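Chemist: These are the residues of each chain, in order.
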Amino acid sequence: MSAPTVLEMRGIVKQFPGVLANDDVSFDLRRGEVHALLGENGAGKSTLMNILYGLYRPDAGEIRVGGKPVTFHSARDAISSGLGMVHQHFMLIPVMTVAENIVLAAEPTEAGVLLDYDEARRRVRDLAEQFGFAIDPDAPIQDITVGQQQRVEILKALYRRADILILDEPTAVLTPQEATELFGILKNLQREGMSIIFISHKLNEVLEIADRITVLRRGKRVDTVPRAGATEEGLARMMVGREVLLRVDKPPATPGDVVLELRDVHVHDDRDLEKVRGVSLEVRAGEIVGIAGVDGNGQTELVEAITGLRSRASGEIRVDGREMPLKASARAMLEAGVGHIPEDRHRYGMVLDFTLAENVALHDFRYPPDSRFGWLFPRVLAERTRRLIKDFDVRGGDPQTRARNLSGGNQQKLVVAREVDRDPRVLIAAQPTRGLDVGAIEYLHRRLVEERDTGRAVLLVSLELEEVLSLSDRILVIYEGEIVGEHAAGVTEDEVGVEMLGGQREQVA
Amino acid sequence: MTEPLAPEPPEEETPTTTAGRLMLKQKAGGIIPPVITAIFAFFMGGVVIAASGHNPLDAYAGILEGAGINWFWDHFGNTDVIDLTTFNLTQTLLRTTTFVFTGLAVAFAFRCGLFNIGGQGQYIVGVVVAVWVGAYWGNALPNGLHVVVGIVLAALAGAIWAGIAGILKATVGAHEVITTIMLNWIALWFASYCFGQGGPLQNTTPGQESVPISDDVFDKSHAIIPILWGDEGLQALHYGFFGAIAALVVFWVVLNRTTLGYEVRAVGINPEAAAYGGISVKKNYFLAMAISGLFAGLAAGTDIFGWKYDAGVLDIQASAVGFVGIAVALLGRSTAVGVGLGALIFGALDYGTTRGLDPEVFDPTLAGNLGLMIQGFVVLFVGADLLILYLWSLRRKRFTTPRISGKGA
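Sequence lines, in order, name chains A and B.
Under my numbering, the first sequence has 483 at position 483, and the numbering climbs by one with no breaks.
Residues are numbered in my numbering as their position in the second sequence, beginning at 1, plus a constant of 1000.
Be careful, since some hints might not be right.
Far from chain A, by Cβ distances over 10 Å, these chain B residues were calculated [claimed, not checked]: (1) F1040; (2) G1046; (3) G1138; (4) I1160; (5) V1172; (6) I1186; (7) G1207; (8) I1245; (9) N1256; (10) L1260; (11) I1269; (12) S1280; (13) Q1317; (14) L1344.
Stretch by stretch, here's where chain B covers chain A in the computed footprint (C-beta under 8 Å, at least three residues) [what the hints assert, rightly or not]: (15) 344-355; (16) 369-383.
Here are the computed lysine to aspartate or glutamate pairs in the DMTMM-like style, where the Cα-Cα straight-line distance is at most 20 Å [said to hold, decoys possible]: (17) K250(A) to E464(A); (18) K1282(B) to D59(A); (19) K1282(B) to E464(A); (20) K220(A) to D59(A); (21) K1283(B) to E335(A).
Hints are computed from structural coordinates only; laboratory data are not their basis.
Owing to the predicted nature of the structure, the values given are computational and were not obtained by experimental measurement.
Ideal Cβ positions, reconstructed from N, Cα and C, are used throughout, including at glycine.
All chains should be built: construct the whole structure from the sequences, respecting the hints.
Modeler: Dropping the structure here:
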């Protein structure tokens, strides 16, 4: 019953300095199947696909497309062999229309030089119809949603006559509804005979869409299994190499007094656009309040306002009942008891060229015991850092190691350690697990719940809906800078997902 | 949960300032690039010497002797011999003293991610103040105090002058490179006015009305820094030399052992993380510039009270000690030890190529230009070694982790 193999990678080896990114990995793709490539960050998924797409040269191994051995020197070679890749970050030109973007670099022309726009539009429309895409060819890219932009990327690949489609973490940027729509499209494509490689580290979606699943761990292929019979637990074990607690086990919250209170807060971004439009919320001691939302709906600005990195235009912020002035500085917020795990740890969370000890001191270096009268005490810092390294299981360095040399997960642990160690009244966790692997995520989730249970107020802002839903005791939904919904724990993804797209705004507001 | 396209991407933060990026790149290579830079610069200088029909080795040997470096193997440890070699060495160390201060003036700002091109202007302002205090206050103060007050005020003048650029940077975001260059010219012409004919600080010696030079500290108050080595009145080495060494130590201590230095370095490497840490980036921009200017002012104060004793329009307009400081800081990678060694090299080059050089070996006028050329080569190669490091990293990336372009949407 198995369809013919359209693509085969055999014994692929790729060595980077210090890392064997791909160690004798084999992979094959059958006609008309969705084959998921599952693995943690750094497992070698992207390396393997970049080799397939001609971006890297393998050190050993061979690639066959349609049974013939091929050597790709660039993406151009891969494209001409019928491969199409949809990257996580789209490569579209915002001011051009859908049709213009799709035909780019292979435009139908008039008299050899002029773009034949009507012809382009016609071809795009035909293509969309053939595969069941709902898309307006004349819409400028900047006016369509991220989900639609992704469809444009897929259409672009189809337009270039791809019959093997590689999707790199395609749902990372989508809402649950958009993801469902994407899966519908993929099923259509499958019916039309397309073969699809689906890169992901999300167990549930892999189980939903894939026919077969290949799991990579530390550069090695662990196994390839059919979907039938695969379970989340089993796949997680293969990914991590040990039992993983997938669900966050937490006792019910026992909320105390209100620690963080926002009243009608408005915040503008750098271009002076109003990104937060009258947010009111409260977070009590001993509870985790999660903010769900699609990226770019004001979460970043909201967090910056609460942490004093950006001054708000209007509205009140109270920490522990104390009203903070409009222009409260980051330092004032820190001193009032706000701890902040920033969404971008490289940009904000640490100074990568500082040592771990220096990074641990980032907020409190100016107070005893870190310093006195402006004089730093490196030994005190080193001691505290050693303690945090031990307590928070930070691996790969000592206090004098440069932060740059730690892995992402360990850097994040250090950031969390520093913030928690300051004993803040309220902890703002912005995307605390972004870019981390399953093991580190498990640890950080457990830690946040522990912090809650010690009576800390936690405000969790995350683009990962699953994370918000499983960790939070209350869930707020943000859309275009407004809180459009509030739910108790136990709400379903679908209910929240609709609101994330603004569907319920009228009723709530 | 996004996985980057390139596997194991090097953890990189991107400093937002040019100086910050330069600094990061420089640090990457350790001690090797500055050594290579210096060797390359001297090699290129050698090529120029050869092109002019001289033997480069002879010329460099001549410069070495002109700078008095041969003292170390001829009379090492014996400070009693007063001969040409000794004299040459004291002259080299005099210039080294100045260059340590002007080098630190650039290096300190550098560590905060700022490029202080204004060392020259800050130095000139310091000179004006030092001359004013030293030669026009009569004997209002006891000599020792007079010197201290003069140097302190010169340092403050430099700090204020640089602080202007710092404030402009902090408040309206004016780029420090532009503002310090403009402030250099303002200082230059202000000093030219002060020391020029009819200027408030022109000399009061009868019969010298047409000479655009100030009064002399040595003659007017004799408030001078005590002599360390050599003959008073013969441009001897003064105790300011130890001041320069102390300044290097202070520079290191402030940066590495104080909260002020911690803030400056954090802002220099990653202003956004610094802000997140509750550090005021603007305050540090101002402070780092002011402290930089302080060092330039110290250079002026020790020069005037140590061995120059007066200043004239021609001196001011020909002086380039602030600019040499840029080369010193770049070559020294803005570290204390590096600046010290860089200052010594440029001090030796400055004196060894001009007055100290035996005209038989190499024409001093030609050699003076050679010194400038080597200085230019150093600045050029510091830029170039960044380029070399960059190319090197590209080469490594090609075989290891190629960067994929066009990743952004």
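Chemist: Against this structure, judge whether each hint is valid.
Modeler: Consistency of the hints with the structure:
1. F1040: F1040(B) is indeed farther than 10 Å from all Cβ atoms of chain A, at 27 Å.
2. G1046: holds (36 Å)
3. G1138: holds (38 Å)
4. I1160: holds (22 Å)
5. V1172: holds (16 Å)
6. I1186: holds (33 Å)
7. G1207: G1207(B) is indeed farther than 10 Å from all Cβ atoms of chain A, at 54 Å.
8. I1245: The claim holds: I1245(B) sits with its nearest Cβ about 22 Å from chain A, beyond 10 Å.
9. N1256: At roughly 8 Å from the nearest Cβ of chain A, N1256(B) sits no farther out than 10 Å, so the non-interface label is violated.
10. L1260: violated (6 Å)
11. I1269: Contrary to the label, I1269(B) does not stay out of reach of chain A, its closest Cβ about 5 Å off (not over 10 Å).
12. S1280: Nearest chain A Cβ is 7 Å from S1280(B), so the label is violated.
13. Q1317: Given that every Cβ of chain A is farther than 10 Å from that of Q1317(B), nearest at about 40 Å, it holds.
14. L1344: Holds, because the least Cβ-Cβ distance between L1344(B) and chain A comes to about 28 Å, which exceeds 10 Å.
15. 344-355: The restraint on the segment 344-355 of chain A holds, since 9 of its residues have a Cβ under 8 Å from chain B and three suffice.
16. 369-383: holds (count 5)
17. K250(A) to E464(A): Distance of about 19 Å is within 20 Å: holds.
18. K1282(B) to D59(A): violated (50 Å)
19. K1282(B) to E464(A): violated (35 Å)
20. K220(A) to D59(A): Between K220(A) and D59(A) the Cα gap is close to 15 Å, so the pair holds against 20 Å.
21. K1283(B) to E335(A): holds (19 Å)
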